[in-house]
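Undergrad: Chain by chain, the residues:
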Amino acid sequence: MTDLDTLEGDLLAQVASAADEASLEAVRVAALGKKGSVSELLKTLGAMSPEERKARGPLINGLRDRVQGAIAQRREALAEAALETRLAAERIDVTLPLREAPEARGRIHPISQVIDEITAIFADMGFSVAEGPDIETDELNFTALNFPPGHPAREMHDTFFLAPDAEGKRKVLRTHTSPVQIRTMRAQKPPIRVIIPGRTYRHDSDQTHTPMFHQVEGLVIDKAANIANLKWVLEEFCKAFFEVDAVKMRFRPSFFPFTEPSAEVDIQCSRKGGEIRFGEGTDWLEILGCGMVHPNVLTNCGLDPNEFQGFAFGVGIDRIAMLKYGMPDLRPFFEADIRWIEHYGFRPLDVPSLIGGLTG
Amino acid sequence: MKFTLSWLKDHLDTEASLDVIAETLTRIGLEVEGVEDKAAALKPYVIAKVLSAEPHPNADRLRVCSVDAGDGKPLQVVCGAPNARAGMLSVFAPPGTYVPGKDITLSVGNIRGVESRGMLCSGAELGLGDDHDGILDLAQDAPVGTPYALWAGLDDPVIEINLTPNRPDCASVLGIARDLAATGIGALKSSAEPQILGEGPCPVAVSLDVPAASGLAPHFALRFVRGVTNGASPDWMQARLRAIGLRPINALVDITNYMTFDRGRPLHVFDAAKVAGDVVVRLARAGETLKGLDGRDHALGGDMVVIADDDGVESVAGIVGGAASGCDAATTDVLIESALWNPANIAQTGRRLGVITDARYRFERGVDPASTLTGLDRATQLVLDLCGGTPTEATVAGAMPESDHAIDFPWSEVRRLAGLDLSRAEMTVTLEALGFRVSGTGDRVKVVPPSWRPDVEGNADLVEEIIRIAGLDRIEPKPLPPLAGITRPTLTLIQKRTRRAKRALASRGLMEAVTWSFIPHDDAVLFGGGGADLVLANPIASELSDMRPSLVPGLLRAAQRNADRGYPDAALFEVGQCFADDAPEGQTIRAAAVRRGSANLAGGGRHWDGTAPTVDAFQAKADALAMLAALGVPTGGLQVVAAGADWLHPGRSGTLQFGPKNQVGHFGEVHPRVMKALDLKGTLVAFEIVLDAIPAPKQKPTKTKGAAMLSDFQPVSRDFAFVVGRDVAAGEIVKAAAGAERKLVAGVEVFDVYEGAGVPEGSKSVAIAVRLQPVERTLTDAEIEAASARIVAEVGRKTGATLRG
Chain A
1 MTDLDTLEGD LLAQVASAAD EASLEAVRVA ALGKKGSVSE LLKTLGAMSP
51 EERKARGPLI NGLRDRVQGA IAQRREALAE AALETRLAAE RIDVTLPLRE
101 APEARGRIHP ISQVIDEITA IFADMGFSVA EGPDIETDEL NFTALNFPPG
151 HPAREMHDTF FLAPDAEGKR KVLRTHTSPV QIRTMRAQKP PIRVIIPGRT
201 YRHDSDQTHT PMFHQVEGLV IDKAANIANL KWVLEEFCKA FFEVDAVKMR
251 FRPSFFPFTE PSAEVDIQCS RKGGEIRFGE GTDWLEILGC GMVHPNVLTN
301 CGLDPNEFQG FAFGVGIDRI AMLKYGMPDL RPFFEADIRW IEHYGFRPLD
351 VPSLIGGLTG
Chain B
1 MKFTLSWLKD HLDTEASLDV IAETLTRIGL EVEGVEDKAA ALKPYVIAKV
51 LSAEPHPNAD RLRVCSVDAG DGKPLQVVCG APNARAGMLS VFAPPGTYVP
101 GKDITLSVGN IRGVESRGML CSGAELGLGD DHDGILDLAQ DAPVGTPYAL
151 WAGLDDPVIE INLTPNRPDC ASVLGIARDL AATGIGALKS SAEPQILGEG
201 PCPVAVSLDV PAASGLAPHF ALRFVRGVTN GASPDWMQAR LRAIGLRPIN
251 ALVDITNYMT FDRGRPLHVF DAAKVAGDVV VRLARAGETL KGLDGRDHAL
301 GGDMVVIADD DGVESVAGIV GGAASGCDAA TTDVLIESAL WNPANIAQTG
351 RRLGVITDAR YRFERGVDPA STLTGLDRAT QLVLDLCGGT PTEATVAGAM
401 PESDHAIDFP WSEVRRLAGL DLSRAEMTVT LEALGFRVSG TGDRVKVVPP
451 SWRPDVEGNA DLVEEIIRIA GLDRIEPKPL PPLAGITRPT LTLIQKRTRR
501 AKRALASRGL MEAVTWSFIP HDDAVLFGGG GADLVLANPI ASELSDMRPS
551 LVPGLLRAAQ RNADRGYPDA ALFEVGQCFA DDAPEGQTIR AAAVRRGSAN
601 LAGGGRHWDG TAPTVDAFQA KADALAMLAA LGVPTGGLQV VAAGADWLHP
651 GRSGTLQFGP KNQVGHFGEV HPRVMKALDL KGTLVAFEIV LDAIPAPKQK
701 PTKTKGAAML SDFQPVSRDF AFVVGRDVAA GEIVKAAAGA ERKLVAGVEV
751 FDVYEGAGVP EGSKSVAIAV RLQPVERTLT DAEIEAASAR IVAEVGRKTG
801 ATLRG
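These protein sequence lines are chains A and B, in that order. Each residue of the first sequence is one higher than the one before, counting from 1 in the UniProt record's numbering. Each residue of the second sequence is one higher than the one before, counting from 1 in the UniProt record's numbering.
FYI, nobody ran anything at the bench for these hints, they're computed from the structure. These figures come from a predicted structure and were not determined experimentally. Please note that a few of the clues may not be correct.
Below are the BS3-like pairs computed for lysine-lysine, each with C-alpha atoms no more than 25 Å apart in a straight line [what the hints assert, rightly or not]:
| no. | chain 1 | residue 1 | chain 2 | residue 2 |
| --- | --- | --- | --- | --- |
| 1 | A | 239 | A | 324 |
| 2 | B | 496 | A | 189 |
| 3 | B | 764 | B | 743 |
| 4 | B | 661 | B | 621 |
| 5 | A | 248 | B | 621 |
| 6 | B | 764 | A | 189 |
| 7 | B | 478 | A | 239 |
| 8 | A | 272 | A | 223 |
| 9 | B | 496 | B | 698 |
| 10 | A | 223 | B | 478 |
| 11 | B | 621 | B | 764 |
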């Protein structure tokens with residue numbers, strides 16, 4: 001065994017036994033540092049004869065390479081062990097509950113959601129959205145809509161009135177969104193296709209009536225729209241809104257002052273365990289009123305009833321929301337109880353669309 | 001409107017079943033509310049004989065009866081009725097029978113150790129009245145084994161229809177029969193109108209003391225009938241009146257009620273002995289009163305039309321008769337009145353008196369004007385038939401209003417409006433069956449509506465008549481022609497903003513509320529409203545009295561209600577209408593949100609990661625700005641100014657504006673005085689923005705976003721700590737720093753605000769980090785130093801700030 005072999009054995013043993021980065025560095029400096037044992041050997045090469053150098057050079061360089069390699073390997077092993085130790089110490093309890101994200105907590109009220117659903121459906125049939133004020137004149141809420149003077153709807157027990165003005169005229173809180181039909185027909189020439197969602201008010205308060213509620217009306221005026229088209233529009237709407245493939249509807253002749261002929265529409269359904277299902281069953285449920293716009297109403301809007309014609313319909317938004325989503329009672333709609341809103345409301349990113357489905 | 005099947009068949013010759021009749025009624029617009037068929041409901045109940053009734057061995061009050069229900073096999077029944085006795089005839093229900101009065105289904109029972117196979121029933125148990133005194137005790141000739149309902153005459157189904165106000169003609173069984181006959185399910189039975197000639201003139205004269213032009217009393221007829229006997233009306237009439245919920249009184253009264261329902265012709269019968277002198281139809285005088293047949297005292301006046309004699313008012317026209325001149329068993333001479341009144345006037349009088357009668361119901365909708373005299377004769381005939389007596393001639397005032405309202409009707413209207421092709425023959429048959437007169441043969445015909453159809457004015461009404469009888473189900477749905485091209489966006493700017501605002505606020509953990517448009521007056525005043533033009537004249541409740549000037553009070557109260565229920569950290573918003581005045585322009589769409597307690601964006605309440613702090617004005621500001629950002633509002637021009645609306649804490653609130661003349665909203669902590677007035681507890685912050693006030697985005701010719709300016713050079717950040725007066729707004733420092741080097745400064749953040757030791761009294765330290773972004777080349781140290789110096793100088797010039805030493 002040469003002195004080189006002894007030195008190598010000694011150094012490799014020291015490398016292997018270095019327990020941490022600091023002692024390994026001490027070994028490296030002792031061997032490969034400026035004054036290290038291996039460095040000193042390398043310095044001797046310069047003074048050697050070429051033959052001697054040729055013989056000793058590879059031996060000493062080989063020694064240096066092996067020691068360097070051993071140190072690098074040992075350093076990596078030490079780093080690995082240190083990481084393992086660190087990782088073993090770094091632990092979180094991933095089961096700790098988070099606060100609910102704002103987007104998961106927030107809710108859209110069912111009325112807003114249902115208006116968005118209705119709008120998506122009718123937009124596809126070419127309807128735009130018209131709106132009007134909640135405080136209306138008697139003329140627009142009643143007279144222009146062909147309500148005769150003295151009609152019971154004009155009474156205090158049916159309609160909210162504001163205080164009379166200097167001329168004794170009393171404005172009303174609109175009892176339906178129909179005044180917007182008049183506003184639309186007076187502002188815009190046919191063809192007209194609008195839906196009119198909005199707040200409406202009647203002097204009524206019990207389990208199924210609140211003094212404020214929401215209604216959407218539809219109005220189509222052109223030179224051809226008739227009851228056959230009305231039936232199609234309403235059937236398509238009901239199928240799309242209730243998200244069923246087929247609905248059976250019953251049109252019953254009825255009476256409204258502002259349409260002639262008029263009809264009420266029932267939809268066939270089944271009631272099982274408090275859940276209403278459309279497209280099946282034997283029960284009939286009244287869901288809307290409709291008819292051909294009364295010639296007097298057209299005339300009141302400056303349209304010749306012999307030239308223009310069309311239909312209108314009205315649906316209770318709160319009511320169809322209750323039918324679709326199963327709210328048993330109307331009153332909590334307006335009580336702002338966060339438990340109710342959380343249960344019946346919709347998440348902010350559940351935006352109804354026809355391409356994605358109204359309810360996703 | 002109620003009637004029975006047999007009554008209908010007086011007028012309609014039909015083989016149609018009850019179900020078909022009911023379906024047809026609904027189909028033609030006479031919506032069936034309900035059909036009560038007692039014979040079907042009570043089918044299992046049979047007449048039975050109690051053979052024996054022995055005391056129950058184990059119960060004093062019970063009896064063990066042996067009952068023969070018609071098949072000759074005695075059945076053992078335990079009965080608790082005190083009147084159960086051997087030999088009586090009663091009503092028996094076998095096991096399996098549903099008992100409507102008790103809402104149970106019978107089974108074979110064991111009552112105190114004795115088996116009971118069925119039940120002997122009281123009237124109440126059958127759902128017939130409230131008689132709980134004991135089991136039914138039937139006449140001895142009642143046939144054992146026969147269904148009780150059949151024997152008791154309860155086998156006439158009662159149909160109730162929901163009559164629309166335009167169809168007064170169908171407030172009569174005859175009118176309903178006519179509509180049904182038009183559908184072809186039966187034939188209308190014709191009955192000749194009786195003609196009463198009468199002996200001699202009516203001894204009571206009539207004068208109409210209302211202006212003829214008023215139309216208040218166009219036609220009035222009166223007839224005297226001498227020597228009547230006013231007993232009970234016949235059983236068939238009593239049974240029908242009872243079936244529709246009327247109480248038989250005496251023959252004369254029952255005849256008027258019967259005429260009301262059978263013919264839609266209300267009449268009045270006075271006891272002639274109680275009428276003094278002649279009769280005058282006039283307006284009631286102020287202060288006059290009438291004790292009505294309804295037992296109430298009615299204060300009269302105004303435009304009410306009355307029938308009066310020398311003693312004063314005897315009846316209110318078309319609504320209610322007077323008790324003083326009513327008929328009773330002692331009545332021998334009568335005056336029968338048949339008249340026509342003004343529908344609007346009757347409706348108004350009826351509402352003022354608060355009286356709802358079957359007569360008012362018909363007169364205010366429109367009684368057939370041609371029925372005044374025919375109705376009088378028919379009623380007279382019934383009086384003669386049921387009560388005997390001798391009639392006089394009628395005395396008549398006024399006349400039937402002229403009406404020959406012919407409609408020029410093109411048959412094509414049915415196709416135009418309804419989209420239904422029908423043959424002219426079918427349409428003609430329908431109109432004629434309904435009583436319309438059709439003349440002419442071409443494309444256009446003349447159609448004259450019958451006198452009993454005041455609702456028919458023009459073409460559209462005729463189309464309705466034709467298609468409702470044909471059946472709306474015959475109209476095939478036809479697509480509404482699609483508009484050309486792809487659906488265009490249809491929402492207006494405010495509609496889009498309304499929808500986006502809701503989604504944006506909900507995504508911040510807020511719950512959308514829909515609160516009343518009307519709020520308490522005091523709340524309205526606190527929030528800048530309460531004006532006289534926005535107060536309801538007839539609120540449904542005192543706390544729902546004023547149209548809201550703001551969404552905030554409703555949300556604040558809602559948050560407090562949730563807190564009172566045990567949910568202190570409510571975060572609510574609403575987007576909806578508010579009212580500045582009663583004009584359409586005074587109505588705005590606003591968005592508002594409130595946060596209570598610790599309802600932070602990140603969540604509320606205690607948590608392992610740190611308890612949520614109490615909400616502050618900055619939470620409200622963050623909601624407002626996030627919503628504006630979501631609306632795509634360029635916030636560059638948005639200014640935040642100290643102090644908000646009056647309902648906000650003056651030192652902890654701000655105003656959002658696009659220039660001083662365009663305030664769009666406010667945010668902050670709710671004013672302690674408002675908290676106290678609304679009885680709110682804890683901490684509440686809120687914002688409210690008027691969506692209509694936000695400037696519309698600039699219209700640009702293209703949708704291009706412009707080139708992105710992404711510099712290749714390293715940005716540098718420099719921190720500055722300024723000392724300024726404590727009232728200087730941090731926003732001013734930020735603005736000044738950004739303005740000092742417009743080309744270089746890419747952002748300014750405030751990272752520390754400090755008052756206290758080391759900072760002079762009345763001053764504060766505000767530390768900002770300014771990010772400099774070179775565009776052309778990397779900045780040299782000298783350039784950075786120069787820029788920093790300009791920033792310090794500019795901030796100092798604008799705010800008086802000095803660099804903190």
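Undergrad: Against this structure, judge whether each hint is valid.
TA: Checked hints:
1. 239/A with 324/A: 12 Å, holds
2. 496/B with 189/A: Holds, at roughly 24 Å.
3. 764/B with 743/B: 29 Å, violated
4. 661/B with 621/B: Roughly 20 Å between the alpha carbons, so the hint for residue 661/B and residue 621/B holds.
5. 248/A with 621/B: The hint is violated at about 51 Å.
6. 764/B with 189/A: 64 Å, violated
7. 478/B with 239/A: 15 Å, holds
8. 272/A with 223/A: Not satisfied, since the Cα-Cα distance of roughly 44 Å exceeds 25 Å.
9. 496/B with 698/B: 16 Å, holds
10. 223/A with 478/B: 15 Å, holds
11. 621/B with 764/B: 23 Å, holds
In this structure, the earlier hints numbered 3, 5, 6 and 8 are contradicted, and the remaining ones agree with it.
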